[in-house]
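Asks: Protein chains in written order, with full-length UniProt numbering: chain A, 1 to 292; chain B, 1 to 367.
Everything labelled a hint here was simulated from the structure, so no lab data went into it. Don't be surprised by glycine CBs; every beta carbon is placed ideally from N, CA and C. Do not take every clue at face value.
[As the list claims (entries may be wrong)] Selected chain A positions facing chain B (in silico; Cβ < 10 Å):
#	residue
1	PRO183
2	SER185
3	ALA190
4	ALA191
5	ASP193
6	ARG194
7	ARG199
8	LYS203
9	PRO207
10	MET208
[Said to hold, decoys possible] Calculated pairs, PhoX-like style, for lysine-lysine (alpha carbon to alpha carbon, straight line, at most 20 Å):
#	chain 1	residue 1	chain 2	residue 2
11	B	LYS112	B	LYS129
12	A	LYS203	B	LYS104
13	B	LYS209	B	LYS20
14	A	LYS203	B	LYS129
15	B	LYS104	B	LYS115
16	A	LYS203	B	LYS57
17	B	LYS108	B	LYS57
18	A	LYS203	B	LYS130
19	A	LYS63	A	LYS203
20	A	LYS196	B	LYS104
21	B	LYS209	A	LYS203
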Amino acid sequence: MTSRLWEKLKPYGMISPSLAVFGIFFIYPIFYMIYLSFFDWNFVSPTKNYVGLQNFTDLLSDKEFMQVLLNTTIYTFATVSLTLSISLAIALWLNRSGLFYGFVQGAIFSPHIISLVSISLLWSWLMDPEYGLLNWVIGLFGLSPLQWLSHPDTSLMSLILVAVWKGIGFNTLVFIAGLQSIPPSIYEAAALDRSKRWRTFRKLTLPMLSPTLFFLAIMSMIGSFQVFETIAIMTQGGPVNSTNTLVYYIYEYGFRFFKIGYASAAGVMLLIIVGVLTIIYFRMLSKRVHYR
Amino acid sequence: MGRIELKGISKFFKDEEVIKNLDLTIRDGSFTVLVGPSGCGKSTTLRMIAGLDEQTKGEIWIDDKCVNGVPPGDRDVAMVFQNYALYPTMNVYDNIEFGLINRKVPKKEREKLIKDIAEIVGLSDYMKKKPEMLSGGQRQRVALARAMVKKPQVFILDEPLSNLDAKLRHQMRTELIQLHERLGTTFVYVTHDQVEAMSMGDEIVIMNKGVIQQAASPMTLYNDPANVFAAQFIGTPAMNILPSQELQLPSAQGKRHDIASFGFRPEHALFHAPAAIEGLRLDGMVLTRESLGAENIYQIQSSLGMFSVKTFLEPLTSDTLVTVTVPYERLYYFNSEGQRLRQVEVRRGEEIGTAQAPELVSVGGGL
Ligand SMILES: Nc1ncnc2c1ncn2[C@@H]1O[C@H](COP(=O)(O)OP(=O)(O)OP(=O)(O)O)[C@@H](O)[C@H]1O
Ligand SMILES: [Mg+2]
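All chains, please: the whole structure from these sequences, using the hints.
Replies: What follows is the structure in structure tokens.
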């Protein structure tokens, strides 16, 4: 009897270290954040005031928060759609063998392994309105210089540019892997069926790539919703809130204004958004997108 | 209608010559089977006919048109791939329809064509299913239907049955033969299964290492092989080939016959032959016996080497030491390059390989 009990418990014993880590660093903080979102607390005072849903109502009636949500949404959709379409185009071009193509693949992937802090500093310098390389290049074409990060009209766009630049490498690589999993005989059958290039792409390549496409879309959406480093380093949410996004907003309220309860409420909102995206992903995965 | 002619075709992959100066004419309406060991260039030949690979040298003619440089879709050729290559994201109907839409066939006509084809291949109940949900045999039919619906002049099939189990393969074999009879179009069919080749083809092309060994009807291949390779490729067990250096004797005309080896089919060797039969007598020891019911197969070790004997509807011999008789007219002779020597015949003589040499005569005009 005891030995059978032991047999049953053994697996749990074996995964307990990782369960413990998962619990302490993932589960506990989430519940603690949800708990904190019902309080007014400044991080240091020994007492926390229970305020019910006050933090949430404040949040939803805050103009600034709405602006932040809008910024985040624009940032996410622009980044994701640009990254995916550019990566797919590059992947279609690079999906062949040869030394040159291998080299370009490697070169395109390299931004992915550089730390975001370095990238942010590098691009701040490139985008400098007076001494930056970008304005110099623009000047060569006779166009008037842009203000890049220093003007509310162009700041968000500049951040999107950096995100796309960084994201292309990884996405291209995954697209190439997806393209290579399509058996070449399918294309030969299409050639015998007199299919034109564009039609082959639309009717065969794209549908067969859809699991990859969808995976990348959801992953980069989740990633973009959580953008933080580039904003913290390059713009600090400015100018005039034009680049303030959800995570940066949470950070500011939590660790600069010490309104922990309020920040936690915003964190709960982020949790909900990412949660919904994840659920959509798994739903779609089990349904339409998967064709095999 | 669907005559294919390959003129001096060569194919190089990098520096490797996979097809060597191949000449072949495939009759219109024939069921031509390409056989040969793995890697001998069967698929490559098919793919060049279909236009999926470009030949390095030579010309391909379909009917009266040289199709060098013509894209696959415009050659009026349909292909069934070994792995079927169905479009996985489309259901059966869409799979069949895809090529028709590309050919700008009007919708009404498409519907009718697809409905007819589905009935012919027995797929009517599966039109809405995706390929992944079909069995191997059903997928094969979809691939066939997709090819047939285009009403091509030439059907190209690359080992379409190799993924099926034995029973289904047998059934599909019959169906393909019937299909060919009904359509009357040219079929070019690749297999490395000689049974498939013999039972389906009306013309068989045996290839080895990118070279055609012999192209002829099944019975010609069986009765009149052109060389050792063709002789051994057809028939189970394969034809026995034994060395016969001792047979290099002056011929009737005073020339030397370069006979390096001789062969005979296992089913032509006789135990207990009546004395009246003139033939080669070989003494040997039975090594193994296999009984397959109606037929028995023996492996026999003789002084010239191992050979096999097949008997039909005879009780299994239990003797260990046997004398096997092969009638002289059943012997085939080959030169040192493995080419058949057709004009040579042994009329009288004793055991080959002994000091007592048989007399050789030339028939049909010498070498
Ligand atoms: N794309 C290629 N690149 C280089 N070599 C190739 C290529 N395709 C085929 N070959 C070579 O050409 C030769 C013939 O190949 P092929 O596929 O025609 O053989 P096959 O007769 O169809 O064999 P199997 O019965 O195994 O299908 C092989 O030696 C193979 O290695
Ligand atoms: Mg092959």
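Asks: If a hint holds in the structure, say so; if it does not, say that too.
Replies: Status of each hint after checking the structure:
{"no.": "1", "hint": "PRO183", "in the structure": "holds, 7 Å"}
{"no.": "2", "hint": "SER185", "in the structure": "holds, 4 Å"}
{"no.": "3", "hint": "ALA190", "in the structure": "holds, 8 Å"}
{"no.": "4", "hint": "ALA191", "in the structure": "holds, 5 Å"}
{"no.": "5", "hint": "ASP193", "in the structure": "holds, 4 Å"}
{"no.": "6", "hint": "ARG194", "in the structure": "holds, 3 Å"}
{"no.": "7", "hint": "ARG199", "in the structure": "holds, 7 Å"}
{"no.": "8", "hint": "LYS203", "in the structure": "holds, 7 Å"}
{"no.": "9", "hint": "PRO207", "in the structure": "holds, 4 Å"}
{"no.": "10", "hint": "MET208", "in the structure": "holds, 6 Å"}
{"no.": "11", "hint": "B:LYS112 to B:LYS129", "in the structure": "holds, 19 Å"}
{"no.": "12", "hint": "A:LYS203 to B:LYS104", "in the structure": "holds, 16 Å"}
{"no.": "13", "hint": "B:LYS209 to B:LYS20", "in the structure": "holds, 8 Å"}
{"no.": "14", "hint": "A:LYS203 to B:LYS129", "in the structure": "holds, 17 Å"}
{"no.": "15", "hint": "B:LYS104 to B:LYS115", "in the structure": "holds, 18 Å"}
{"no.": "16", "hint": "A:LYS203 to B:LYS57", "in the structure": "violated, 35 Å"}
{"no.": "17", "hint": "B:LYS108 to B:LYS57", "in the structure": "violated, 44 Å"}
{"no.": "18", "hint": "A:LYS203 to B:LYS130", "in the structure": "holds, 15 Å"}
{"no.": "19", "hint": "A:LYS63 to A:LYS203", "in the structure": "violated, 45 Å"}
{"no.": "20", "hint": "A:LYS196 to B:LYS104", "in the structure": "holds, 12 Å"}
{"no.": "21", "hint": "B:LYS209 to A:LYS203", "in the structure": "violated, 39 Å"}
Checked against the numbered hints listed earlier, the structure breaks hints 16, 17, 19, 21; every other hint is satisfied.
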